[in-house]
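S.K.: Sequence:
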Amino acid sequence: MTRRHHRLFILVALLPLLLGIPSNAIAEIQNPRKHKLGLGAHIGWPTAITLKYWVSDQNAVDGGIGWTFGESILLYSDMLWHFRHLFKDTSALWVNDTVAYIGAGAYLGFLVDNELKKTSTSTVRLGIRVPFGMEWKITKIPVVIGLEITPGLSLISSTAVILQGGFIARYFF
144 MTRRHHRLFI LVALLPLLLG IPSNAIAEIQ NPRKHKLGLG AHIGWPTAIT
194 LKYWVSDQNA VDGGIGWTFG ESILLYSDML WHFRHLFKDT SALWVNDTVA
244 YIGAGAYLGF LVDNELKKTS TSTVRLGIRV PFGMEWKITK IPVVIGLEIT
294 PGLSLISSTA VILQGGFIAR YFF
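Taking our numbering, the leading residue of the sequence shown gets 144, the next gets one more, and so forth.
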């Protein structure tokens, strides 16, 4: 990886922080015992291993490393804003919390050799993404399942509208 690629990676990793974590959440970040970390999978486009870290009751940072079925490897990170009170009674036998969210973030993609023959000569793609999703917390176990659709815009190496999305499952500890 070149020095330019390292800078792009750092920008993608820090973008959610630059998008404006509320000032009261910055103090809470320093005490991680109050927050839960989720590890799981995103099945769709991209298929990814994903992490989610709650920085406050309403805000979280998520990210992942994934692949698009042999075409490219992707890194992504988003700042998420959750809306817990949109649904009045979401209690059911196996679900006790329904949450909608919206986010803003970025992705960095590295093309593999077979895709380079079909597109430009650049091996790096950089873009912005805006995830919209719904999550359901499973009763009695720290598991959250969800659906997400993420429109975005590829900015480097070419400009294109993208659409990502899929099914998410995470275990929180």
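Keep in mind the hints are simulated off the structure, nothing from the lab.
For each residue, glycine too, the CB sits at the ideal point set by N, CA and C.
Certain hints may be false.
Said to hold, decoys possible - The following label-pair restraints were derived from C-beta to C-beta distances:
hint, residue 1, residue 2, range
1, Ala303, Thr282, 38 to 46 Å
2, Ile305, Lys283, 35 to 43 Å
3, His228, Ile299, 17 to 25 Å
4, Val304, Ile281, 14 to 22 Å
5, Val273, Leu182, 36 to 44 Å
6, Ala303, His228, 30 to 38 Å
S.K.: I want to verify a distance hint. Is the separation of the beta carbons of Val304 and Ile281 within 14 to 22 Å?
M.R.: Between Val304 and Ile281, where Cβ atoms are some 34 Å apart, the hint is violated.
S.K.: Assuming the hint says 30 to 38 Å, is it satisfied by the Cβ distance from Ala303 to His228 or not?
M.R.: 36 Å, holds
S.K.: Is 36 to 44 Å respected by the C-beta to C-beta distance linking Val273 and Leu182?
M.R.: Roughly 24 Å apart at Cβ, these two residues miss the hinted range, so it is violated.
S.K.: Starting from the hint 35 to 43 Å, judge whether the C-beta atoms of Ile305 and Lys283 obey it.
M.R.: 37 Å, holds
S.K.: Mind checking the hinted window 17 to 25 Å against the Cβ distance between His228 and Ile299?
M.R.: About 39 Å separates the Cβ atoms of His228 and Ile299, which means 17 to 25 Å is violated.
S.K.: Evaluate the given range 38 to 46 Å for the C-beta pair formed by Ala303 and Thr282.
M.R.: 41 Å, holds
In summary, the structure is inconsistent with hints 3, 4 and 5 from the numbered list given earlier, while agreeing with the others.
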